[in-house]
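Colleague: Residue numbers (UniProt numbering), protein chains in the order written: chain A, 1 to 173; chain B, 1 to 162.
If you are wondering where the hints come from, they were derived from the structure by calculation, not from laboratory data.
A couple of the hints might just be wrong.
[As the list claims (entries may be wrong)] The following label-pair restraints were derived from C-beta to C-beta distances:
1) A:Gln128 - B:Leu107: 19 to 25 Å
2) A:Ala59 - B:Asp30: 30 to 36 Å
3) A:Arg60 - B:Ala60: 27 to 33 Å
4) A:Lys51 - B:Asp30: 42 to 48 Å
5) A:Arg25 - B:Ser48: 22 to 28 Å
6) A:Ala115 - B:Val74: 49 to 55 Å
7) A:Gln124 - B:Val74: 51 to 57 Å
Glycine included, every Cβ here is placed at the ideal spot set by N, Cα and C.
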Amino acid sequence: MSSSNSTVSSSDSNPRRCAACRYLRRRCAGDCILSPYFPASNPQRFACVHKIFGASNVARMLQQLPVHQRARAADAISMEAYWRVQDPVYGSVGIINLLQHEIYMNQHELARTQAQIAMHTAQQQQQQQQEEEEEEAQQASQPVEAPNMHPQQQDLFAPDRTYLDLSHFPDFF
Amino acid sequence: MGGGSPCASCKLLRRRCSKDCIFAPYFPSDDPPKFAIVHKVFGASNVSKMLQELPVHQRADAVSSLVYEANARVRDPVYGCVGAISFLQNKVSQLQMQLAVAHAEILCSQMQQEPSMSRQQMDTEDKSFLLHNNIATLPQFMNFASSSNVVQEPLKIESFWT
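Can you make the complete structure from the sequences, with help from the hints?
Modeller: So this is what it looks like as structure tokens:
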């Protein structure tokens, strides 16, 4: 920027270039399609994308999309490129495989756990039923007690019992 | 290729298919769309570089995964494979939640069978406590952060290696 830095070219010292134009060592135009999504603060992001997809392919892909979808597309492309750099053989497909495997294991575990729950519930119900049946059986086996004839209890047929005097009633028959 | 027709890549690129063509083993001439889609998304020179950096025994798998990714990107120009990954991550979350609930239920029923604990003690508050405890201990899996929430209708995700 200063005149003393005469060996530094003006394009290299331009701080407003996006990461893509910096990497490609070109002037960053005002309408550079890559600059909103590949800021100079993150050069690695574009480096991965350029290595896997190539700058022109990425620019073409973004250009074919409506503006409001380009940011998401750039993020997704960057992620895919990053995963491909990390795993040159399988890339993001390796992650899909891992997740599918995890889903399979979780489904298996869930089915096993639900079967255990069903078994517990069935055992509990069986126990409750058995307890109820035992209670009923105990009640059924007890003998029926005769009415308690206490000595103090008045004998209803004792001759000294005072009955109603029937002579007061008219003779209807 | 021994006297045969050029491979799909050399046909598309209109060049002579040499004996040591790096694409020939993986892009046969009878399947032109396979190379066409990979070329469209990644570019022939990028694919060539990627394959050259790999040992020979891994190149077939690499080509298969590149074809898969390219297809995903053509079907979904915004999210590509990332859409599928986001969908699968959500599925994993759901299953882990269901598992936590199921484990909590088992714990509850086991505690109910304890003779020392009366049935009245295992009320809904205790069950809720157990459930939340289980969820809090769920493992943190990979967080594929993006600038937006990527949840959408998934691609048809067949098992890749069947």
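Colleague: All the hints need checking, so say for each whether the structure fits it.
Modeller: Structure-based check of all given hints:
1. A:Gln128 - B:Leu107: 19 to 25 Å: 20 Å, holds
2. A:Ala59 - B:Asp30: 30 to 36 Å: Once the Cβ atoms are compared, 33 Å apart, the range 30 to 36 Å for B:Asp30 and A:Ala59 holds.
3. A:Arg60 - B:Ala60: 27 to 33 Å: Distance hint for A:Arg60, B:Ala60 holds at roughly 28 Å.
4. A:Lys51 - B:Asp30: 42 to 48 Å: For A:Lys51 and B:Asp30 the Cβ distance comes to about 31 Å; the hint is violated.
5. A:Arg25 - B:Ser48: 22 to 28 Å: 23 Å, holds
6. A:Ala115 - B:Val74: 49 to 55 Å: About 43 Å separates the Cβ atoms of A:Ala115 and B:Val74, which means 49 to 55 Å is violated.
7. A:Gln124 - B:Val74: 51 to 57 Å: 55 Å, holds
Comparing the model with each earlier hint shows violations of hints 4, 6; every other hint is respected.
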